[in-house]
Every structure is written in C-alpha cells, then in structure tokens.
Amino acid sequence: MPKATTGDVVSTEDQAVPTVGVTAALNEDGPAREQTVNTFELHKVNVHYGDMLAVKDVSLDIPHNQITAFIGPSGCGKSTLLRSLNRMNDLIPGARVSGDVLYHGVNMYGPKIDPVQVRTVIGMVFQKPNPFPKSIYDNVAFGPRILKMKGNLDDMVESSLRRAALWDEVKDRLKDNAFGMSGGQQQRLCIARAIAVQPDVILMDEPCSALDPVSTGKVEDLMLELKKEYTIVIVTHNMQQAARVSDLTAFFTVAAMDQTNSRTGVLVEMDETRNIFSNPKDERTANYVTGKFG
Amino acid sequence: MSSRVISPGVSSSGSPIRSLEAPGLRIGERIIKGLLWLAATLSVVVTTGIVVSLLVPSIGFFQQVSIVEFLTGTIWAPGFANPSFGVLPIVVGTLTVVFFAILIAVPVGLSSAIFLSEYATPKFRKTVKPILEVLEGLPTVAIGLFAFSVLTPLIRQLTPFLPWTGPFSIGVAGITVGLLIVPLVASVSDDAMRAVPRALREGAYAMGATKFEVALKVVVPAAASGIIAAFVLGISRAIGETMVVLLVAGAGSPVLSFDPTKGIQTMTAYIGSTATGDISQGTITYDSIFAVGALLFLMTLAMNILAIRMVKKYREVYD
Chain L
25 MPKATTGDVV STEDQAVPTV GVTAALNEDG PAREQTVNTF ELHKVNVHYG DMLAVKDVSL
85 DIPHNQITAF IGPSGCGKST LLRSLNRMND LIPGARVSGD VLYHGVNMYG PKIDPVQVRT
145 VIGMVFQKPN PFPKSIYDNV AFGPRILKMK GNLDDMVESS LRRAALWDEV KDRLKDNAFG
205 MSGGQQQRLC IARAIAVQPD VILMDEPCSA LDPVSTGKVE DLMLELKKEY TIVIVTHNMQ
265 QAARVSDLTA FFTVAAMDQT NSRTGVLVEM DETRNIFSNP KDERTANYVT GKFG
Chain C
11 MSSRVISPGV SSSGSPIRSL EAPGLRIGER IIKGLLWLAA TLSVVVTTGI VVSLLVPSIG
71 FFQQVSIVEF LTGTIWAPGF ANPSFGVLPI VVGTLTVVFF AILIAVPVGL SSAIFLSEYA
131 TPKFRKTVKP ILEVLEGLPT VAIGLFAFSV LTPLIRQLTP FLPWTGPFSI GVAGITVGLL
191 IVPLVASVSD DAMRAVPRAL REGAYAMGAT KFEVALKVVV PAAASGIIAA FVLGISRAIG
251 ETMVVLLVAG AGSPVLSFDP TKGIQTMTAY IGSTATGDIS QGTITYDSIF AVGALLFLMT
311 LAMNILAIRM VKKYREVYD
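Chains L and C are the protein sequences, given in the same order.
Take the position in the first sequence, starting the count at 1, then add 24; the result is the number in the working numbering.
Take the position in the second sequence, starting the count at 1, then add 10; the result is the number in the working numbering.
Quick caveat, the hints were computed from the structure, so don't treat them as lab data.
All C-beta atoms in this analysis are idealised placements derived from N, C-alpha and C, irrespective of residue type, glycine included.
Fair warning: there could be bad hints in the mix.
To be verified - Derived, one-sided and incomplete: chain L residues facing chain C with beta-carbon distance under 8 Å: (1) Met112; (2) Val140; (3) Gln141; (4) Phe166; (5) Val221; (6) Gln222.
One chain only, chain L, in its complex shape (with noise of 0.2 Å):
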C-alpha cells in the first residue's frame, strides 16, 4: 500500500470540506509547508447504534503526519468516532455511519470499499494491552503472516520493535511468551504489533489509561517518534497528555438531545492544542480543561 507522502496533493475539489485552521506555522520545527494535507476529513458524520445516535454532525479534518487527539468526558462519542476511521465499528451489531469520512479524498465507506483492506492502512492501538497469548516473536509477526507481507520475517520484527522502542529489552526473549512482559512492555508490543503491518495511520484508544506513569512517559515519547512516519489519533481521558503530545485537539462533549432522551457526542471545537488548552474560543471548552466542568 503506497503511502501519501508530504508532497501529495490530495483532489478535494468535488468535496466542499471547510479545513481547519490548520497551517505551516503550526510546524515550528519543521520546514514550512504551502499547503496542509490531511489524512482524514470527516463530514457531517453521525454514528448510531441502532436507534441510538452515539455522534452527531462532526465535522473535522486530520492533518498528515501530526498527532491529533480527541478529548472530553465519558460517553462524549470520541472513542466511537476514532472506531469509525477504520471501520472498527462494523464489528459491532447495529452501528452505522452516515456522513463522509474521507481518507486522502476516498469515502472510506463506500461500496467499493473493504473494511479488512482499510485496517491494514489503518491500524488501531486499544485501551488495555492486548497482546495474543503467543510469543513475543509471534505477536509482531502475526500482521505480516496473515498479509503475507514480502521481505524477511525477522528483519521485519526487529524493525517493527526497535521502532516502538522495545527491541533493547526483549531480543534476547523473542519466544517468551507475551503476557510475561510488564503492561508497558505489553502496550508498546501492541504498538510494534501495528506498525509491523506498515499502516499509514494509527488509532490510539486511551493507550496509556491501563498503564503507570513511567510506562507513560515511555509511549508517549513513542508516539513523537513515531508522528515522523505515521499519521497518529489519539484519544485520551489524560488532559495533560494531550497537552504533552498533541499537535491538534479535538474537544468533545455530551448534548442531552431532546427528542429522544438520549446522550450524544458533539465535536465542541477543534485547534492547535496549545489554544484549546490556552485560549479556547468556548466556555465549554475553558470549563473542561481547567477542571471546572460539570
């Protein structure tokens, strides 16, 4: 599967997607870029379990090579969103998708479109660690088994490991298996386990929630690492860790809807990070990042 590089310029032209203020000078560190390119864009997107609509109306874009986060309370639909970017959500009984979701300008769900294909370019990593009960060695070479990946094997899991910053402490246990290692250890195998496949996106869903500080601290270096190469979404319940890593944030909050008595998930507002946490534009948004919520 090619990757889109920086220079790739993606046809929106038949799509009216208002971009987010998303421009070069937000690559402080970087060269500056004419021209932002965005992985997904997402329009008018609602998502229902059944009758129950879990997301409604968002419309967001998602930058290359960034690391965009997804914030606000519980059962504010951001986990469920992020599930709709790799069609995790057609797993589930009952969940629908209405609205474009477009990566690189293709509407992720249309007719021609196969869910499984989609999750080899776009690879998620869940909240508790959850390695296969196989070895180390197996765990990260499972992807390229089941693709049938070219190359050889080893190089590969090697690669994939030093990569998610794993390899120094576990290549001399390769065949150990997997759940002897400690919930850090098991949360970056995971992220080894997905980059194995060589995605272009990975989806992140409260990666570090089961894990302690210090394990922390290690995936999050990773993950600044790792936006190098791949386009990263995370959601996360941690305000600082989005502060810490996210180049974008993505505040969402819960609407009591009246027709139906139920709750949904609406996008408040999305920016750079360093204004949603410094200078937000909505008081929901001050309310929630500042602690006073509720």
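Position chain C against the provided structure of chain L, taking the given hints into account.
Same frame as chain L, now just chain C:
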C-alpha cells in the same frame, strides 16, 4: 501532652463496648461444612471402589493368564474349550471405532464450534445451542438403532466399491460414535472459544485479519486448552461407547483385522455381550471381563494424562 489513657468501657457512640468473642458454637456452620466435605469425598470413594472392584477379579485372571500373553496375544477366544486370551483383536476393534469417531467428530465438531462462536447471529446460537445440548443426552441405544437401520444401508449404497460382508461394520460404528459425540465436542469447544476475550479478536481485526483468520489464528489457539478438553471428553466417550458398537459392529467375531467393513468386536462389546446372566462367577471367562475392563480404564486414564500434559504445553494463557 497528656499521657495515653486506656478508654473506659464506652464506645464511640456512648453505648457499652460489645464483646468481640464468638456468640456461640456456630453448629449450623459446622454441619454444613461436614455435609459439603461428605459430598466431595463421595466421588473419590466411588472412584476408588470402581478401581478396586475391577482390580480384584483381574488379579485372579492374571494368576491364570500371563500379562504378556494377554497384551501381545492375537487370538481372543475366551469361551472356547481351549481358550486363548490375547486381547489385541478387541483392542484394535476399539481403536478402529475411536479412529473413525475422531475422523468425524474433530473436524465437524470444531467447525460447528467456530461457526457458533464466531459467525452465527445471537439468535441462531440461542436456538441451536440448546438443541445440541439435548442431542448430547440422546439414549445411545436409539442412535444405534438409527445407525443400523438407516446409516449402514446408506453408507453401503454410497460406497458399492467397498467389500461389504454381513450386516455389521466397525467402520460405520466408528462413524456413528463420531456423530454421537459431535454435539459434545461442538458445545464444549464453543464455550471455550466464547470465553476468549473480545479484545484479542479486535487486536487481530485491527491489523486487517479476516474473520476466518481471527477464528483460526487467534481464537482457536487461545481456546486450545478447552478445545483439547472437548476432544478428550469425546474420545473417552468413544472408547467407552457400548450400545452403538454392539448394534452396528455386532457382538461376535473377535478377529484381528483393520478392515472397517467387517463387524469386529470391541472391548466394550465383549464386556457387554459376555456379562449376561449365563456367565458363572469364578470362571476364567468371568474374570476376563474385569481384566478387559481394567485395561479400558487404564486406556482412558492414559489418554486423560496425555491430554493434561498437552493442555499444559500448548495452553495460551490470556489473563
């Protein structure tokens, strides 16, 4: 600073301090504990009783027939004027039944379990699972009659190129026993596979695994210990199955043969057909039943030990 004062006999709320000693002997508690102990011990006592009752007459048998002759002899003719007690023919009969039973029950049982656990809609599963559990409890004599009257003629018609002789066939008996244990294997394997956490499946899906790859490469290995347990339960039933074998493979002809089209006696069929009112206690034929029974017991025991080892070796612990 005042020195520490022992509190007077008044609690925080002002009422007198309550005793911390037991208010009584708690007799009921002791009786319950005793009854529970008794129930747990009963099964151990019964098992020991079975082993002893098998072993005592077996010892009498082995005083007349050497163990080597029993285990390596190829002629089983216990009732003859010049009796011979080589157990191999009926052991081969039993193993043939087990072989055909595994051939049917393992692929069919595992496939049904994968379908039920990974593919079926909740509604379908809710309907089919209880039916499977009812099938597990069908009287085997009814299944034997069905096999003799329907399955045997059907298989013969489908395979006219095989050298069928007589009404009985050990191969058909094995297939029938296999079908008999499919519900058991499927139901127990399905339970094991459904116990695999959803998070493991999602991890594989998130890398672009298809449903079948998730089932075969994640769920089945993670549930391996339960699936092996299901196979062992099934095979133990196949080894011990008597009624189907008597009806489909026949009671007679304990000849050493691997031909599945012939009616060959199995260990259980020998016991079942010999242990009738006609047999007098204390004869060598009477004792031989127990020797065969003891061997049957050892075979299932060995299989269970092997299975426990396999489970320990290949188990994928996921929590």
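Hints, verified against the model:
1. Met112: holds, 7 Å
2. Val140: holds, 5 Å
3. Gln141: Since chain C brings a Cβ to about 7 Å from L:Gln141, closer than 8 Å, the hint holds.
4. Phe166: Because about 7 Å separates L:Phe166 from the closest Cβ in chain C, which is inside the 8 Å limit, the hint holds.
5. Val221: Given a least distance of 5 Å, the restraint on L:Val221 holds.
6. Gln222: This interface hint is violated because 11 Å lies over the 8 Å limit.
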